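Spelled out, the chains give:
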Amino acid sequence: MEAKTIAGIDLKVSDDGYLEDMTQWNEDIAREIANELNIELTDKHFEVLNYLREKTKAGETLTIRKVGKSGIVDIKELYKLFPKGPLKFSSKIAGIPKPTSCI
Amino acid sequence: METKEIETKVETKEKKPLEKVCLICAKGSLEDVYATLVMANGAVMEGIETNVFFTFFGLDGITKKEMNHLHTATTGNPAMRMPGGLPFPTMLGGLPGVETAVSGMMRKQMEDLDMPPVDEFLEMITAGGGTIYACKLAVDMFKLKKEDLSDEVDSIITIGEFYELCDGDRTQIIFT
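Chains as they are written, first to last, in the numbering used here: chain A, 1 to 103; chain B, 1001 to 1176.
Hints listed in this document are in silico derivations from the structure and should not be mistaken for laboratory results. Every value quoted in this text rests on a predicted model; they were computed, and no experiment measured them. Cβ atoms here follow ideal geometry from the backbone N, Cα and C, with glycine treated the same way. Keep in mind that a hint or two might mislead.
Claimed, not checked - Heads up, simulated BS3-like pairs for lysine-lysine below, C-alpha to C-alpha not over 25 Å straight-line:
#1 A:Lys84 / A:Lys44
#2 B:Lys1015 / A:Lys98
#3 A:Lys57 / A:Lys88
#4 B:Lys1020 / B:Lys1136
#5 B:Lys1136 / A:Lys69
#6 A:Lys88 / B:Lys1020
#7 A:Lys76 / B:Lys1146
#8 B:Lys1108 / A:Lys84
#9 B:Lys1016 / A:Lys88
#10 B:Lys1016 / A:Lys84
#11 A:Lys76 / B:Lys1015
#12 A:Lys66 / B:Lys1108
#13 A:Lys88 / A:Lys4
#14 A:Lys66 / A:Lys44
#15 B:Lys1016 / B:Lys1143
#16 A:Lys55 / B:Lys1108
#17 A:Lys4 / B:Lys1108
#18 B:Lys1015 / A:Lys69
#19 B:Lys1143 / B:Lys1027
#20 A:Lys55 / A:Lys88
#21 B:Lys1027 / A:Lys98
#22 A:Lys98 / B:Lys1143
#23 A:Lys88 / B:Lys1015
#24 A:Lys57 / A:Lys69
#25 A:Lys88 / A:Lys98
#26 B:Lys1015 / B:Lys1064
#27 B:Lys1027 / A:Lys80
#28 A:Lys55 / A:Lys66
#29 A:Lys44 / A:Lys55
#30 A:Lys98 / A:Lys4
#31 A:Lys76 / B:Lys1143
#32 A:Lys4 / A:Lys57
#33 A:Lys66 / A:Lys84
#34 B:Lys1015 / A:Lys84
What the hints assert, rightly or not - Just so you have them, the derived chain B footprint on chain A, three or more residues with Cβ under 8 Å:
#35 46 to 60
#36 84 to 96
Stated by the list, open to error - Pairwise CB distance ranges (calculated):
#37 A:Gly8 / B:Glu1014: 43 to 49 Å
#38 A:Gly8 / B:His1069: 54 to 60 Å
#39 B:Gly1160 / A:Gly8: 53 to 59 Å
Extracted from the complex, chain A is given alone in its bound form:
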């Protein structure tokens, strides 16, 4: 675990750069993490991020299949929004822990 300042806020992040406390998250933090990953966030991105945060809060395990069935995006669109890391990058930007699912 290390301390990192993102968007002017001191945060605790894991060694891989995931937020330790998801309640510290805000949209500016999301934009800055996304920038590091060369992703520019659109409204569609935020819809996915909010969905991921809701499901995480509810204690559900996330999979790209679940996101694909959420009605927000299908799996192809999810890959377009978060290239090369549909679950990893989206989770990182959403301020939730690193995904533990294999699917």
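With the hints as your guide, set chain B onto chain A.
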């Protein structure tokens, strides 16, 4: 001499992430096909270029008629147990309908873990940019045609063409 040693150490510390995986699925049981699919999908999700080559009985995994009805072997499978952990008698496994029932139970358990049916799994892999191939020799041997195969199959290729796809020094070939 000393400087050389230090250089070697630095080299081993440098991370060299995988850039491409090429998977070969040659067996058609439920667990063999799913092992391939999980590894392929996992690679795509990690941003790794992924090619999957189905050959011999593995072709069942991409044949429209068979792919969603794969079985797990109830005979000759020492790891097969009854629900609760008791050994599964081989003679029981040979009774008509047992393999179908056991395979159905396995599929149900996988569905509970959000593992999709084979056709949907193939779609997930191609949606992320993975490519699926069928082996020409095996397709000819089983007298199959392109239209018998899942629409997610890119093309029917020879093993030589498959190896051509496996170029690059950060590529791994995985045989399941």
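Against the structure, the hints:
Between Lys84 of chain A and Lys44 of chain A the CA atoms are separated by roughly 17 Å; this keeps the pair inside 25 Å, and the hint holds. For the suggested pair Lys1015 of chain B and Lys98 of chain A, the alpha carbons sit about 20 Å apart, so the restraint of at most 25 Å is met. Restraint check for Lys57 of chain A and Lys88 of chain A: the C-alpha separation of about 17 Å stays at or below 25 Å, so the hint holds. Between the alpha carbons of Lys1020 of chain B and Lys1136 of chain B the distance comes to roughly 22 Å, so the proposed pair stays at or under 25 Å and holds.
Taking the CA atoms of Lys1136 of chain B and Lys69 of chain A, the gap is near 35 Å; set against the 25 Å cutoff, the hint is violated. A hinted pair counts as satisfied when its Cα atoms are at most 25 Å apart, and Lys88 of chain A with Lys1020 of chain B qualifies at roughly 18 Å. Simply put, Lys76 of chain A and Lys1146 of chain B have alpha-carbon atoms about 24 Å apart, close enough for the 25 Å limit, and the pair holds. With a C-alpha separation of about 30 Å, the suggested pairing of Lys1108 of chain B with Lys84 of chain A is violated against the 25 Å cut-off.
Proximity of Lys1016 of chain B to Lys88 of chain A is assessed by CA-CA distance (about 19 Å); at most 25 Å being required, the pair is judged to hold. Taken as a hint, the Lys1016 of chain B and Lys84 of chain A pair is honoured in the structure, with Cα atoms around 17 Å apart against an allowance of 25 Å. Annotation: proposed proximity of Lys76 of chain A to Lys1015 of chain B is violated, straight-line Cα distance about 29 Å (limit 25 Å). The hinted pair formed by Lys66 of chain A and Lys1108 of chain B meets the criterion: a straight-line CA distance of about 17 Å does not exceed 25 Å.
At most 25 Å may separate the alpha-carbon atoms for a hinted pair to count; Lys88 of chain A and Lys4 of chain A meet this at roughly 19 Å. A distance of roughly 16 Å separates the Cα atoms of Lys66 of chain A and Lys44 of chain A; the hinted pair therefore holds under the 25 Å criterion. Proposed proximity of Lys1016 of chain B and Lys1143 of chain B is contradicted: the alpha carbons are some 42 Å apart, above 25 Å. Under the criterion of a C-alpha separation no larger than 25 Å, the hint pairing Lys55 of chain A with Lys1108 of chain B is consistent with the structure, at around 23 Å.
Simply put, Lys4 of chain A and Lys1108 of chain B have alpha-carbon atoms about 44 Å apart, too far for the 25 Å limit, and the pair is violated. Taking the CA atoms of Lys1015 of chain B and Lys69 of chain A, the gap is near 35 Å; set against the 25 Å cutoff, the hint is violated. Proximity of Lys1143 of chain B to Lys1027 of chain B is assessed by CA-CA distance (about 17 Å); at most 25 Å being required, the pair is judged to hold. Simply put, Lys55 of chain A and Lys88 of chain A have alpha-carbon atoms about 15 Å apart, close enough for the 25 Å limit, and the pair holds.
Distance hint between Lys1027 of chain B and Lys98 of chain A is unfulfilled; the C-alpha atoms sit about 33 Å from each other, more than 25 Å. The suggested pairing of Lys98 of chain A with Lys1143 of chain B is violated, with an alpha-carbon distance near 46 Å, which exceeds 25 Å. Our distance criterion of 25 Å between C-alpha atoms is met by Lys88 of chain A and Lys1015 of chain B, whose separation comes to about 19 Å. As the CA atoms of Lys57 of chain A and Lys69 of chain A are separated by approximately 18 Å, the hinted pair is consistent with the 25 Å bound.
For the suggested pair Lys88 of chain A and Lys98 of chain A, the alpha carbons sit about 7 Å apart, so the restraint of at most 25 Å is met. Taking the CA atoms of Lys1015 of chain B and Lys1064 of chain B, the gap is near 41 Å; set against the 25 Å cutoff, the hint is violated. Of the supplied pair hints, the one linking Lys1027 of chain B and Lys80 of chain A is violated, its CA atoms being roughly 33 Å apart against a limit of 25 Å. Distance restraint check for Lys55 of chain A and Lys66 of chain A: the Cα-Cα separation of roughly 10 Å lies within the 25 Å cut-off, and the hinted pair is therefore satisfied.
Distance hint between Lys44 of chain A and Lys55 of chain A is fulfilled; the C-alpha atoms sit about 17 Å from each other, no more than 25 Å. About 17 Å separates the Cα atoms of Lys98 of chain A and Lys4 of chain A, which keeps this hinted pair within 25 Å; it holds. Distance hint between Lys76 of chain A and Lys1143 of chain B is unfulfilled; the C-alpha atoms sit about 33 Å from each other, more than 25 Å. Between the alpha carbons of Lys4 of chain A and Lys57 of chain A the distance comes to roughly 23 Å, so the proposed pair stays at or under 25 Å and holds.
A C-alpha spacing of about 18 Å is found between Lys66 of chain A and Lys84 of chain A, which places the hinted pair at or below 25 Å, so the restraint holds. Distance restraint check for Lys1015 of chain B and Lys84 of chain A: the Cα-Cα separation of roughly 18 Å lies within the 25 Å cut-off, and the hinted pair is therefore satisfied. Judged by the Cβ-Cβ criterion of 8 Å, the region 46 to 60 of chain A is not covered by chain B as claimed, because only 0 of its residues qualify and three are needed. Coverage of the region 84 to 96 of chain A by chain B holds. Counting CB-CB distances below 8 Å, 5 residues qualify, and the rule asks for three or more.
Between Gly8 of chain A and Glu1014 of chain B the beta carbon distance is about 34 Å. The supplied range of 43 to 49 Å is therefore violated. A beta carbon spacing of about 56 Å between Gly8 of chain A and His1069 of chain B agrees with the range 54 to 60 Å that was offered as a hint. Distance hint for Gly1160 of chain B and Gly8 of chain A: a CB-CB separation of about 57 Å, consistent with the stated range 53 to 59 Å.
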